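Undergrad: Protein chains in written order, with numbering that gives the first Met the number 0: chain E, 0 to 469; chain A, 0 to 637.
Just so you know, the hints here were simulated from the structure itself, not pulled from any lab data.
For clarity, every value in this text was computed on a predicted model and none was experimentally measured.
One or more hints might be untrue.
Below, computed lysine-lysine pairings styled on DSBU-like, alpha-carbon distance capped at 30 Å [stated by the list, open to error]:
id: 1; chain 1: E; residue 1: Lys366; chain 2: A; residue 2: Lys126
id: 2; chain 1: A; residue 1: Lys123; chain 2: A; residue 2: Lys536
id: 3; chain 1: A; residue 1: Lys606; chain 2: A; residue 2: Lys316
id: 4; chain 1: A; residue 1: Lys123; chain 2: E; residue 2: Lys366
id: 5; chain 1: A; residue 1: Lys374; chain 2: A; residue 2: Lys316
id: 6; chain 1: A; residue 1: Lys316; chain 2: A; residue 2: Lys551
id: 7; chain 1: A; residue 1: Lys374; chain 2: A; residue 2: Lys551
id: 8; chain 1: E; residue 1: Lys354; chain 2: A; residue 2: Lys606
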Amino acid sequence: MQDIMAILPLVATITGAILVMLAAAFESFRKEGISILGIGLFAFAFFVQLTVENGPPIAPYETMFNGMLVTSTFTKVAGLIILGCGFFSALASQTYFNQNEGFVLEHYCMMLFAASGMLLLTMAAELITLFIALEIMSLAIYTLIAADRRSVLRSEAVLKYLMLGAFAGAFFVMGSVFIYAGAQSTKFADIGRVIGESGFLTNPALVGGSLLIVVALLFKAAAFPFHAWVVDVYDGAPVPVTGFMATAVKTAVFAVFANFLVINGQLQEGWVSYLFYISVLTMFVGNLIAIGQNSLKRMLAASGIVHSGYLIIALVAINSEQFTGSTILFYLAAYAVSTLGIFAALSYLGGEGEKRHSFDDFNGLAKVRPYSAACIAIFLLSMAGIPPTAGFMGKFYIIAGAFKGGYITLGALGIVSSILSMWYYLRLIIAMYFREPEEDFEVGELTLAPLGTFVLALAVFAISFIPVAI
Amino acid sequence: MTHTVTYLGFIPLLPLAGALLIGLIYVVTCQGKQISERLYGILGCVGPVLSFFMAVKVFFALLSLPAEQRFLSHKAFTWFAVGDLDVSMGFLADPLSSLMLLFVTFVGSLIHIYSIGYMAGDQKFGKFFAYLNLFLGSMLILVLGDGPVVMFVGWEGVGLCSYLLISFWSEDTDNVVAGNKAFIVNRIGDLGFVLGMAFLFWGIGADGFDYLSLKANAHNLTAPVGVLVCLLLFVGATGKSAQIPLYVWLPDAMAGPTPVSALIHAATMVTAGVYMVARFSFIYAHVPAAGEVVAWIGILTALLAAIFGMFQSDIKKILAYSTVSQLGYMFAGVGVAAYSAGIFHVFTHAFFKALLFLGAGSVIIALHHQQDIWKMGGLRSKLPVTYWTMLIGGLALAGCPPFAGFISKDEILYSALANGHVGIWLIGVLVAGITAYYTFRMIFVVFHGSPRDQEAYDHAHESPRVMLIPLLILAAGSMFAGYANIPAIFGGHQRVSHWLAPSLVEHHPHSGVGLEILAIAASILAFVIGISIAYRKFTVQVDEPDYSGIKKFAYHKFYVDELYHKVIVAPYQFVGKAISRVIEPYVTDAPVQASGWLYRMCGLAFKVVQVGYVRIYAVYMVIGVSILSLLLSRSLNF
């Protein structure tokens, strides 16, 4: 019974998804009703997650369901971030589909399914469960991207994602097989015990298995050199879905990543030097891709690669003896708030058919829509890491953690990368505030997304006050 | 030892919440239909008045405790914790801060009420009350903060609000310049405060950076660091409390609306420096040398400002210099380790200085914003209430027994004499005489004689009741506030000194009755001489004299402002221009531009990698996996 209580948020999300699916079958529930239902269910799941008693603050493998799942404060907070992302993406969707084609009634149902996959992902303590969770999430996301069958852009995006995702999925399964061969179990607890007894680098099956699993996770996290899909896929997806992918998926993937690496200290140590290079390359390659972009969505996708780089710094600096994951979660929350905010703003500023999408389209926005422009500026400054925003504190905690863990070079490179990232964030601010508008864009009836944008702009400051122990 | 009470947090919170509420209402309504002034007035006054009642509650709560346990605290939340530095948003009410609280909220509330009348009809009525509330809230944070860092929050808050309020009528460039000047000069002082705080933390901050922990560890502070901390903190105080060399902003601050001047001079802002020195008495007590510097700078400021005050023709500037001068006394008091005397003078000064400013405001409104005393005269019959209340204020300021100012000022002068600082005492007595002279010069010229500007005189009328009632209350305060601390020689019990004792580290001098009588006699003599010269010269009809020689020099305030401009501002601007024209474009900007160009080229080159073909992306992945496998296989050891 206690096991069930602990996964109540998961149950709530899945039940919600089924509810929306059933509701979509009735004539009386049309677009508006479904939207409100979807948003409400995300809010409900969020509060369930908030109230549920979730075990000890540090993730030891105190297991449920015979060692399949684990809950801790880490998974709880990750769940909160995911459901929060879902809530704000749902708000953005409602407004986005007021002025864009391609709405299907199952949209919110798929978002809820994706969220349930992510929640399961954060809790998974066993490789098969993990794989199933990964696929639940991925399949729902594929559907979300390409729900509009008539759009070639969407189809192209989903095809790329699906093919490369399948490729990465194959790596994951193969990795699980190797690990099973090495440890005779797929449970994290058993794998950790085997590594503890016989060592990590002395066991080729475990090393090979972990390599393939890490590659699959790096793919999902869009780390170099598995990042190439991100820009095209994010660009092809509808704006609210892009926001959802950029934030919620990243949160789930990094939660899994951290959970996997802390299975055993030796596993993490074996990977540290490689993750070190991957994080540096991810940050710098991401920056270089981002500055070349003219489309805002593509720039944000590329900057998402850079943020993955920072999060990998945090993975490198994990102290597996006393893992709390607080810096990772803080960064994810700060990143999620700013990114969701921008995508929420884009979903109503974009106009019909995402007409406003390039940097130049935002010229002089501050004169036409001062409040929206101010909110966007806040989000951008947060992503660039300017105090007193949450983004600054997130970077501060991660870099301070790297210094504390002895990775001075990595921390310094993180700072350099954050300076480089100003280039493309400030570019939009310059466009909004210092350029003259060229063309007037009509924006349709505004409903919930502006409200969400405003709340998120406040959250950027509010979150920065949450103290975190490094 | 300390008792926790939650309502402590509400004292600063109420005015701050008021500021937020009024500010939001103002922002929302300023474009279209405005809400009535009456509503703004009520909203603006309710926070300060409630804070005052809570301050009274705090006072009685402390009174009910035994003397050595009079500490109430409330920790709202942990603000930040870095290494040894653990700072929480905490509030501490002890005898010292509770006394400050009482008069800050009391006088502050009266000024708020008065402002309803003074600002009537102003376009930015709502904004004014939002700022005023913010000002009072910041001051309450400053007073109630349980450590230097929280104090600094309030410290900066009052600095900001003074800027906003001095340049409140921002249509006039002079006002904006005055606001900037106040802000910049204060920032110079703030740097001293920050450095002082840093050294204090470095010295003894590791075991807690709040007053009680610091006080407990004060004996560990080594002498050089102690001197440094004291002097740096005092630099902060010279900025906020307008002492040499940073006093220049205060007279210019008269550009703001008169209630603001009253608030700055009486209840908030300038008293912060004195409060801070008294607050850190546990450090100053260890380094008497630093205290001596404080005392001398204080008394010299008192002298200098008093001399300037003799020659001013603007009614508000006379009062401004009198404030600078009185602040000098307070610093002389805390400098000679008579902390309770200094704080007591802050307390009485709040009443009579608020009274004088509000009275001056009443005169200014009556004469339609005429501030030149040489255009006034004979107003006694037109503005009777204003006259009588200002007369009381003037007597208190000039140090006439038994008004409040006499008792507190005499306490300081006597302490200086008793502690062996004869020089400070002599200058202090001299300043007392000058003070009496210039105060009554102002009162005689404004209210006595016959009108100098007949037309303005004919149109003058007494102010509305909402302005007069605060005047009457403050007049009562100026008369009787001194009785709280009557020295033993007059049969009193020095209640305030005893009340403050648990908060301060001071030793009361025990000297003969003869010395005390000498001090009192000298003060009274100085007062009588000062007032009689003023009476002889200014009750007869005189016009603005032409100053020449040394008097002209004093009339122009020794050209200190011009000197500062030449020596500091102008070279600074020159260097700034040189940097912006030479160094910036060629030395610093050129490499930055070049690296930016390089970076963008790299970005464009990298864009090519995003070809858009899935097969190419898959190839990247395969290459990545291969490299990782190769590297990992090398590290295997089996």
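Undergrad: Does E:Lys366 pair with A:Lys126 here, judged by a C-alpha cut-off of 30 Å?
TA: holds, 24 Å
Undergrad: Straight-line Cα separation of A:Lys374 and A:Lys551 no greater than 30 Å?
TA: Since the Cα atoms of A:Lys374 and A:Lys551 sit roughly 20 Å apart, the hinted pair holds (cutoff 30 Å).
Undergrad: Compare the distance between the alpha carbons of A:Lys123 and E:Lys366 with 30 Å, and conclude whether the hinted pair is satisfied.
TA: holds, 25 Å
Undergrad: Regarding the pair A:Lys606 and A:Lys316, is the alpha-carbon distance no greater than 30 Å?
TA: Since the Cα atoms of A:Lys606 and A:Lys316 sit roughly 67 Å apart, the hinted pair is violated (cutoff 30 Å).
Undergrad: Please verify whether A:Lys316 and A:Lys551 have alpha carbons no more than 30 Å apart.
TA: holds, 17 Å
Undergrad: Is A:Lys374 within 30 Å of A:Lys316, Cα to Cα?
TA: This hinted pair holds, its Cα atoms lying about 15 Å apart.
Undergrad: For the pair supplied as a hint, A:Lys123 and A:Lys536, is the alpha-carbon distance within the 30 Å limit?
TA: Judged against 30 Å, a Cα distance of about 42 Å means the pair is violated.
Undergrad: Tell me if the straight-line CA distance from E:Lys354 to A:Lys606 falls inside 30 Å.
TA: holds, 23 Å
Checked against the numbered hints given earlier, the structure breaks hints 2, 3 and satisfies all the rest.
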